[in-house]
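First to last, the sequence lines map onto chains A and B. Our numbering puts the last residue of the first sequence at 528; the count rises by one with no breaks. Our numbering puts the last residue of the second sequence at 670; the count rises by one with no breaks.
Some clues are possibly wrong.
Said to hold, decoys possible - The calculated label-pair distances, taken between Cβ atoms and stated as ranges, are: (1) A:Val352 to B:Glu453: 56 to 62 Å; (2) A:Ala515 to B:Ser478: 28 to 34 Å; (3) A:Val210 to B:Asp487: 51 to 57 Å; (4) A:Ser219 to B:His504: 26 to 32 Å; (5) B:Ala553 to A:Arg438: 56 to 62 Å; (6) B:Thr382 to A:Val356: 44 to 50 Å; (7) A:Ala235 to B:His504: 52 to 58 Å; (8) B:Glu453 to A:Leu370: 51 to 57 Å; (9) A:Thr451 to B:Thr382: 41 to 47 Å; (10) B:Gln428 to A:Asn416: 31 to 37 Å; (11) A:Arg438 to B:Thr371: 32 to 38 Å; (12) A:Asn416 to B:Gln432: 44 to 50 Å.
The set of hints was computed from the structure by calculation and includes no laboratory data. Bear in mind that the values here come from a model prediction, so they are computed numbers and not experimental data. Ideal placement from N, C-alpha and C gives every residue a C-beta, glycine not left out.
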Amino acid sequence: MRVVRFVLFRLSVALLTLFGVSIIVFAAIRFVPGGFEDVVLGPFGTPETREAVRAKYGLDRPHLEQYVLWLGATTKGDFGTSLTTGQPVAAEIIRRAPATIQLALMSTLLAIVVGVPLGVASGVTSTNRVARAAGRLVGALGASVPTFVLGTVFVFVFSVWSLGVTVGGYVPFFEDPLANIRAMTLPVVTLSVFGMALIQRTTRDSVLNVTSETHITAAVARGERPPDIIRGHVLRNASIPIVTVTTVFLAYLLGGAVIVEQMYSVPGIAVYVVQSVENRDYLVVQAGVLLAATFFVSINILADAIYALIDPRIGGQRRDS
Amino acid sequence: MNPPVVHLDSVGVTYQSRRLRDSGTIAAVSGVTLAIERGQTLGLVGESGSGKTTLGKLCLGMIRPTQGTVQLNGQPFPRHRRELKGRLAVVLQHPEWALNPRLRVGISVAEPLSIARSLPSGKVDATVEDMLSKVGLEPVLARRYPHELSGGQRQRLAIARALITHPQFVVFDEAVSALDVSIQSQVLNLIKDLQASEGFAALFISHDIAVTRYVAHTIGVMYQGELVEQAPASTFYLKPKHPYSRALRLTLAEEDRAAFTFKDTTGSESARGCLFSVRCPWAVDRCFADKPGLRDVEGSRSACHRAEEVGAA
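Chain A with its partners taken away, still in its complex shape:
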């Protein structure tokens, strides 16, 4: 019962958030100076032709009417057609989704796989100096080098010496997995370095906190093996801030993907939405932003569920007697 109520509450909050996002994005893209007709006709269009273009795409109707029409169609799963290509928006997005999803998944995974062990290594005082130094280096460099700088260096270095990876030249994974991985390696690494640093530092602090708890000292005193202590006692107790910071990283990914997709010519959603802003392709921007918001809201709900799973204190006070 408690779970059902919790889920209902979270879902209604999520829907309310998405409703707010839909209003904001709809208004924001229309506040940008210059409309779709300016993009189509350029600076020399006559007022008459401009009016004709607006009328053709229904942009001359009252904003409220446009919004209600769009929202109504969207709730039924119809995102409309792109103003620039005339293709259904949904199809355009689905076509570009695999690259972005792959980029996000692999970057997150890489950030966790590298960040957590480095964080543990630099947080547990008994590990050797090399591991701790490596942790600090990744933490400091990763957090301070901007994505575009790192990307530029990578593009330069790997354009001169290929070293087994390709700069650009995206191929869908299911067409040629090997070529896909070769093309995606640099984008994924570029995007995940910031995440590695974020996760490494959070893990380190969290581990330091947990290891000062006395149940850890007691486990050391009675002679448990350090790997068992780290797995059984430290990591689970240190994991809540790590989950939190991973969701923060996912939010960062939405923005970071734009730069990386652009830089390595990955045909993904992020760069498509930004181009659509320039083209005033209203429906694509609206759908893209709404999609991103949905993704982020779901991630947050998922994170809350994970909190409840790993910490009995958050999962509600169950009393069994």
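Fit chain B to the known structure of chain A by using the hints.
Relative to chain A, chain B alone:
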């Protein structure tokens, strides 16, 4: 005769100062010799920073001494702590962190059994329930999480976890300090009763000498990393043989405190003489020049040139 369970022979721990300018060493513990027999409790008292906790960790083998030797049952510590197999245990200060907050407490209590490997897995639950009732808790509590329990209950669970492998030696480091007075006495009684039935040797560390008197057979007094007096509890509280012990004892009786003038120091310990001399109202010229060692004084051991006079006063 069996060797004592824990034996420290002129043990010292020095830390190298990490600062760039002065590369001095800091002695956390120096020249401590003591032994704890089966079924006995050594109460260790002293002010903050006097090295009590460091000494506790030395006895557990968690720190290696830089001088002297530490022996467990007449043997040096094994290279890998795993080989201890539950022969040692510790109960620490903060009950709020004493148990892993993510685990049901029954699992926490059962944990040492897996290192000791003394038990078929089918018997674990029964052993845990038995242990919980030994520390005066309802066996159903095993299914609770730590945050659902009080500080006193958690400390009892920490004791249950420590004793479930029937260790030979247990360190209680400020084990009751965070509990309020009525719960304190319950837990102290529990420790005493369990020691009587289990026969483990214990090191009971506390800054509170009233608490220590209640559980300890022998009292050791630490001052700046040195053991300055060691005496049977029965005589210690009547006639302490070291000026510092006298000062500590006065904390028991509020009204006597005015009778003892305790000099302030600016950290300028006498370099060659007795460490306590700069604060000691009994100090004479000899105390500043000549460092006293522990010597037998009427059944106690005291590191004071004027121990007889101090004891008689």
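Consistency of the hints with the structure:
no. : hint                             : in the structure
1   : A:Val352 to B:Glu453: 56 to 62 Å : violated, 40 Å
2   : A:Ala515 to B:Ser478: 28 to 34 Å : holds, 29 Å
3   : A:Val210 to B:Asp487: 51 to 57 Å : violated, 36 Å
4   : A:Ser219 to B:His504: 26 to 32 Å : holds, 29 Å
5   : B:Ala553 to A:Arg438: 56 to 62 Å : violated, 38 Å
6   : B:Thr382 to A:Val356: 44 to 50 Å : holds, 46 Å
7   : A:Ala235 to B:His504: 52 to 58 Å : violated, 45 Å
8   : B:Glu453 to A:Leu370: 51 to 57 Å : holds, 52 Å
9   : A:Thr451 to B:Thr382: 41 to 47 Å : holds, 42 Å
10  : B:Gln428 to A:Asn416: 31 to 37 Å : holds, 35 Å
11  : A:Arg438 to B:Thr371: 32 to 38 Å : holds, 34 Å
12  : A:Asn416 to B:Gln432: 44 to 50 Å : violated, 36 Å
In terms of the numbered hints stated before, the structure departs from hints 1, 3, 5, 7, 12, listed from lowest to highest.
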